[in-house]
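Use the sequences and the hints to build the structure in full.
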Amino acid sequence: MNQVKRFCILGAVITIVLGVVSHFVYDWTGQNFLVGLFFPVNESTWEHMKLVYFPMLLVTLVAGKLFEEKYPCIYDAMFLGTFAGLAVIPVLFYTYSGILGFNVDWLNITIYVISILVAYLVVCFVVSDCKERKSKLIRYIYYAFLLAFMVFTVFTPKIGLFATP
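Following the numbering used here, the numbering of the sequence shown begins with -14 at its first residue and continues without gaps.
In case anyone wonders, no lab produced these hints; they're calculated from the structure. Any given hint could turn out to be false.
Unchecked claim - Simulated crosslink set (DSS-like; lysine-lysine; CA at most 25 Å straight-line):
#1 50 / 143
#2 -10 / 55
#3 50 / 116
#4 116 / 55
#5 121 / 50
#6 55 / 121
Values in this document were obtained by computation on a predicted structure and should not be read as measured data.
As structure tokens, then:
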């Protein structure tokens, strides 16, 4: 097994574990405002997308330091993987809950795990075809999500994605 595949497997496991733990951090800290900017503050789909974004951000920072020289597109790969993982959550959640008319905790957990697996499949695919990629647009979108997670935690839009199911 090559280095990229090992990284993707280990990254997925670390991200899943960090995401599961992250689900509870806001309550463990007495609902600290600053903690809520990075960890889910309620059960909305949007807040649960933080369980993908922020754990993957930590893995991205480590991966960048470890692999950027050998794989110059590692950041772009991680960003694209993060986008894929973020997209999977609302698509699968609203599809199954729309069909059933209700949501099920074990399916929500399964969707989270699937979102991380999809994210790292994208990472492995992009890194395996690694060229000198430094897309500013990808980075701007990635940082826009960072800002959006913080802003929308404080100023929550009144639409379904932000509502507690």
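Checklist entry - Are the Cα atoms of residue -10 and residue 55 separated by 25 Å or less? => result 14 Å, holds
Checklist entry - Taking 25 Å as the top limit, are the C-alpha atoms of residue 50 and residue 116 close enough? => result 17 Å, holds
Checklist entry - Is the Cα-Cα distance between residue 50 and residue 143 25 Å or less? => result 39 Å, violated
Next on the checklist: With the threshold set at 25 Å, check whether the alpha-carbon distance from residue 116 to residue 55 stays at or below it.
Outcome noted: Between residue 116 and residue 55 the Cα gap is close to 10 Å, so the pair holds against 25 Å.
Next on the checklist: Need the status of pair residue 55, residue 121: alpha-carbon distance at most 25 Å?
Outcome noted: 20 Å, holds
Next on the checklist: What's the verdict on residue 121 and residue 50, does the C-alpha distance respect the 25 Å limit or exceed it?
Outcome noted: 19 Å, holds
Hint check: a violation occurs at hint 1 only; the rest are consistent with the structure.
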